Structure formats: C-alpha cells, structure tokens
Amino acid sequence: MYPVFFFIFAGAAIAFAVNLLIQRHPIYSALSLIGVMASLASLYLMLGAEFIAAVQVIVYAGAIMVLFVFVIMLLNAGEEERTHRSRLVRHIGAPLIVMLLGLITSVIYREFPEDAMVRFGDFPGQTASIGLRLFLDYLLPFEVVSILILVAIIGAVVLAQKES
Amino acid sequence: MALAALIYILIKIMIVLLVLLTVVAYAVWFERKVVARMQSRWGPTRVGPHGLLQPLADAIKLLTKEDITPAGAFRLIYLAAPGLALITALMAFAVIPFGPSVQAGGIELFQISDLDIGLLFVLSVSSMGVYGIVLAGWSSNSKYSLLGGLRSSAQMISYELAIGLSLVGVLLLSGSLSLRSIVESQSGAYWGFVPRWNVFPQFVAFLCYLTAAIAETNRLPFDLPEAETELVAGYHTEYSSMKFAMFFLAEYANMVTVSCLATVLFLGGWQGPLFGPDWLQMILPLLWFSLKVLGFLFLYVWIRGTLPRFRYDQLMAFGWKVLVPVALANLVGTSLWIALKYR
Numbered sequence: 001m002y003p004v005f006f007f008i009f010a011g012a013a014i015a016f017a018v019n020l021l022i023q024r025h026p027i028y029s030a031l032s033l034i035g036v037m038a039s040l041a042s043l044y045l046m047l048g049a050e051f052i053a054a055v056q057v058i059v060y061a062g063a064i065m066v067l068f069v070f071v072i073m074l075l076n077a078g079e080e081e082r083t084h085r086s087r088l089v090r091h092i093g094a095p096l097i098v099m100l101l102g103l104i105t106s107v108i109y110r111e112f113p114e115d116a117m118v119r120f121g122d123f124p125g126q127t128a129s130i131g132l133r134l135f136l137d138y139l140l141p142f143e144v145v146s147i148l149i150l151v152a153i154i155g156a157v158v159l160a161q162k163e164s
Numbered sequence: 001m002a003l004a005a006l007i008y009i010l011i012k013i014m015i016v017l018l019v020l021l022t023v024v025a026y027a028v029w030f031e032r033k034v035v036a037r038m039q040s041r042w043g044p045t046r047v048g049p050h051g052l053l054q055p056l057a058d059a060i061k062l063l064t065k066e067d068i069t070p071a072g073a074f075r076l077i078y079l080a081a082p083g084l085a086l087i088t089a090l091m092a093f094a095v096i097p098f099g100p101s102v103q104a105g106g107i108e109l110f111q112i113s114d115l116d117i118g119l120l121f122v123l124s125v126s127s128m129g130v131y132g133i134v135l136a137g138w139s140s141n142s143k144y145s146l147l148g149g150l151r152s153s154a155q156m157i158s159y160e161l162a163i164g165l166s167l168v169g170v171l172l173l174s175g176s177l178s179l180r181s182i183v184e185s186q187s188g189a190y191w192g193f194v195p196r197w198n199v200f201p202q203f204v205a206f207l208c209y210l211t212a213a214i215a216e217t218n219r220l221p222f223d224l225p226e227a228e229t230e231l232v233a234g235y236h237t238e239y240s241s242m243k244f245a246m247f248f249l250a251e252y253a254n255m256v257t258v259s260c261l262a263t264v265l266f267l268g269g270w271q272g273p274l275f276g277p278d279w280l281q282m283i284l285p286l287l288w289f290s291l292k293v294l295g296f297l298f299l300y301v302w303i304r305g306t307l308p309r310f311r312y313d314q315l316m317a318f319g320w321k322v323l324v325p326v327a328l329a330n331l332v333g334t335s336l337w338i339a340l341k342y343r
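Protein chains in written order, with the numbering used here: chain A, 1 to 164; chain B, 1 to 343.
This is chain A alone, in the form it adopts within the complex:
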C-alpha cells in the first residue's frame, strides 16, 4: 500500500518539477512549484513527520510561494520567448540527462543495501519533542536563525524606503 502512495507522490513531485521547467509563463511555473511543495509535504507525512509536513505547507506553500506569485503578478512577467538556437543541444542534451540520472540511480542502488533505505514512519516526531529539542539542545542555532531573519527584515525595510 505504502509503496503505491510513495510512487504517486514522488512521481507527482517529479512531474510538477519537470512542468516547472517546461512551462513558458512564469505563473504556471510558480503553481507547479506549489505542487512540488505539496507533494513533498505528503512524503514527509508518510515518513511520520507530521509537524514538518504541516509547517512545509504553512511556510513554503502558503507564505513563500504567495510572495513569488505576488511578484510575478506585480511585475507582469509575460511568457518567455523561446530562441530556437541549437538543435544539437536538444538532441544530445536530453539523452545525456537521462543517462546521468540512470548512473546516479545505479550507484545509489549499488552502494546502499535494501535495509538502509528509509522506511515509512521512520521519524515519528511528536511536536512536543521537536519543541523540546529546539529550545533545549538547539537553542543557539535557533537564536542565530532569528537574528538572520531580523537582518533580512531590516534590509527589506531599508531597500523599500523612499529616497528623501
């Protein structure tokens, strides 16, 4: 049962990602990226990390991608032009990419034996335990990341100020 779900969601993530590259209008690419985030959230859920899955949807798909979509709309980005420069690139590039992916896959299958693969439900992280770890063991990285976000906010405010 679970391998079926895994292949559905992983396949959806790959399909959305490929669609993101193929689409000409940026808004469709942004929507495909939202699809990738949602598929990843489902994969996290199947691994047992429900808090991470919910936070992925809330932060990534629900806030960051909304800003991407805003920027695309406000800048009125149109369809990109395709310059049909080189047929060689298209005829050799695609098979080479497939070969590269096949090579990576075979190396992974050879190096990592079956029982080292991640199983479903492998990471049962209750929200309470994540919170405890975050505020007890990893307090310093937490505070440093919040300072980083503060720096980004200050930079945004400075950049958005009117010249007076």
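One or more hints might be untrue.
Here are the computed distance ranges between Cβ atoms for each label pair [what the hints assert, rightly or not]:
(1) B/Ile7 with A/Ile108: 36 to 46 Å
(2) B/Gln39 with A/Leu140: 52 to 62 Å
(3) A/Tyr2 with B/Leu18: 25 to 35 Å
(4) A/Ala77 with B/Asp114: 41 to 51 Å
No more than 30 Å apart at the CA atoms, straight line, and that leaves these computed lysine-lysine pairs for BS3-like [stated by the list, open to error]:
(5) A/Lys162 with B/Lys321
(6) B/Lys143 with A/Lys162
(7) B/Lys143 with B/Lys61
(8) B/Lys143 with B/Lys33
(9) B/Lys33 with B/Lys61
(10) B/Lys65 with B/Lys33
Coverage of chain B stretches by chain A, computed from C-beta distances (three or more under 8 Å per stretch; other residues unrestricted) [to be verified]:
(11) 120-126
(12) 134-141
(13) 147-159
(14) 288-299
Since the hints were derived computationally from the structure, they do not count as laboratory data.
Computed from a prediction, not measured in an experiment: that's the story for all the values here.
Ideal Cβ positions, reconstructed from N, Cα and C, are used throughout, including at glycine.
Got chain A; can you put chain B on it based on the hints?
Relative to chain A, chain B alone:
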C-alpha cells in the same frame, strides 16, 4: 486500513458536507434577515414562509445564469480558482470535533479524523485559501479584479499571522495541537460554577483571534477588497453563475470554519450542562456546539450590520501595528505565567 473503515469515513464526510453546505446556504438567509431587521426592513419574505426557501431560489438563479468567460483570461487558472477557494474552505472541517468521543462499532462519530496536528492542519488549509483569491483576481485579466485580488490576499496573509500568534496562547494552556484534546482540557470549572473555558484566561487572545478572523474572511469592517463602491466586486468581478456561487459559498464556509474554531478553542466546544435521559445526553453536546457556533455567526452578522468599513491602509496598519504586538504580548504574558506556575 480496512475497506469498511474507509467507507464509514466517506459516509461521515458526506454527512458533514451536506450539513455544512446547508448551514452555509442558510447563513446567507440568516444574514439577510438579521441585517434587514437592523435596518428596519423585512428582508426576504416572499419565497416560502419567512423567506426560508430563498437560498433555494438563489441556487436556482445562480445555476441557470449565463456562464461568461472574459476574453484574454487565463482559462485554466480562471476555471480552477473558485474550486480551489471552495476546496480549502471545506477541508478544514476534517478535523473539527462536533461532540465528545463517542464510538459506534469502532468509528468516531463526532469527528471525521482526530489529527495530532489538528490546529496546524486548519492553519495550513487556510494559508492555501489565499491562492484561490489571488489567482482569481489575476486570471480575470481586469484591473478591478487584479487590485481586489492583490489587496484581499495581502490582507489575508497579514491577518493569518495575527491568528497564528493569538492561538499560541491557547496551545500553551492546553499543551496539545489536537483539537479534541484542546476541548477536553477545557472541562471542569473554576470554583465550581465558572467553566474552565479558554476565553477566561485568554480573553485578549480571544478578542485578537475574533478580529483577525473577521479580517481573514474578508468580512465587514475589513471587506474593502470586495466592496461594491470601491472595486466593483473585487476579485470576483468577472465571475458569473456557478463560479461566483462557489466564491460565495467559500466565503460563508470560511465564516463557519472560523466560528467553529473559535468555539472549539475558546468556548469549550461541545461542553455544556447535560441533563435528561441517555439519548438526550448524547445529542445535547451537539446542541451546545451548534448554539455556540450560531452565536458567533450572529456576532459576525451583527458587526456587519453595525460598523463602517476600514480604509485599506488603516486595515493593514491595524493588522501589523496593533494586532500582532498585542498577540505577541499575550504570548509573552501567558508563557511567563506558565513558567512561574510550574517552576
């Protein structure tokens, strides 16, 4: 998972959806009647007794209207946006507990599923609801829609922050993200008669949540993005017939979701005095839940009938400069109290 369990869950989903869509349809009737009475007029009276069949007439009208797609609209997104808005509005009901934990033959009767992260699920679904609006506004290829869609979605993401922060106070008190355990942590009473609902210790958070939720659902006094005098109809200007009906349903379903959440998180959910024979005691919690949700819906309609709307800059300033600091202060105060209590 056994097939029987799957079928029972599907039956529960269908029942909840039926009840919910009926409640949404009659919420429209309720609003028209109450706002009319507040304005010294009757409201719908002709269709059925007291206008009770008015939602049916509205549904027939909306279904049979001509379906127009503006030229130059991005067809795929234009058609998908109302569906997205409605789906995210309805999905939040998968985790809301309507009654105590009663099991019949191994299946929960009064909740579709009790997720351990129930509250986060509702927040994530409402974050995705922004997309329905912003994509509808943009794909209609019209200035009013674009402006309305951008304003509305900017307002929604700003007030989502205030909602999230005001809910953390409740989380601190109940110690769990699961909605059912939050309700169960509100059982009992202080000094024997004042119920231990979260509205009493978290009154500031309650007010913050209500205000932010009214803004999140784009209702008066925060409905500038859809005000007729400002932006024709905002993001749903170019929509007609069933697609417009879906936006309408989505707005009222969001209202009902927010009312149910406020009941569950602050007002003790289904808890209330129980009396009478056994079968009555099974139904009474549902009755208390419905009465509380109805109270919040009435509050929504009352506020709509009374207050003028905010200007957009006043609205955004209020969300960022007033609600977020107040919610943060509430969070700090609650954490201090808990730390001192359990030191």
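Here is how each hint holds up against the structure:
{"no.": "1", "hint": "B/Ile7 with A/Ile108: 36 to 46 Å", "in the structure": "holds (40 Å)"}
{"no.": "2", "hint": "B/Gln39 with A/Leu140: 52 to 62 Å", "in the structure": "holds (60 Å)"}
{"no.": "3", "hint": "A/Tyr2 with B/Leu18: 25 to 35 Å", "in the structure": "holds (32 Å)"}
{"no.": "4", "hint": "A/Ala77 with B/Asp114: 41 to 51 Å", "in the structure": "holds (43 Å)"}
{"no.": "5", "hint": "A/Lys162 with B/Lys321", "in the structure": "holds (20 Å)"}
{"no.": "6", "hint": "B/Lys143 with A/Lys162", "in the structure": "holds (26 Å)"}
{"no.": "7", "hint": "B/Lys143 with B/Lys61", "in the structure": "holds (27 Å)"}
{"no.": "8", "hint": "B/Lys143 with B/Lys33", "in the structure": "violated (33 Å)"}
{"no.": "9", "hint": "B/Lys33 with B/Lys61", "in the structure": "holds (19 Å)"}
{"no.": "10", "hint": "B/Lys65 with B/Lys33", "in the structure": "holds (24 Å)"}
{"no.": "11", "hint": "120-126", "in the structure": "holds (count 4)"}
{"no.": "12", "hint": "134-141", "in the structure": "holds (count 3)"}
{"no.": "13", "hint": "147-159", "in the structure": "holds (count 4)"}
{"no.": "14", "hint": "288-299", "in the structure": "violated (count 0)"}
Figure legend: structure checked against the earlier numbered hints; hints not met, in rising order: 8, 14.
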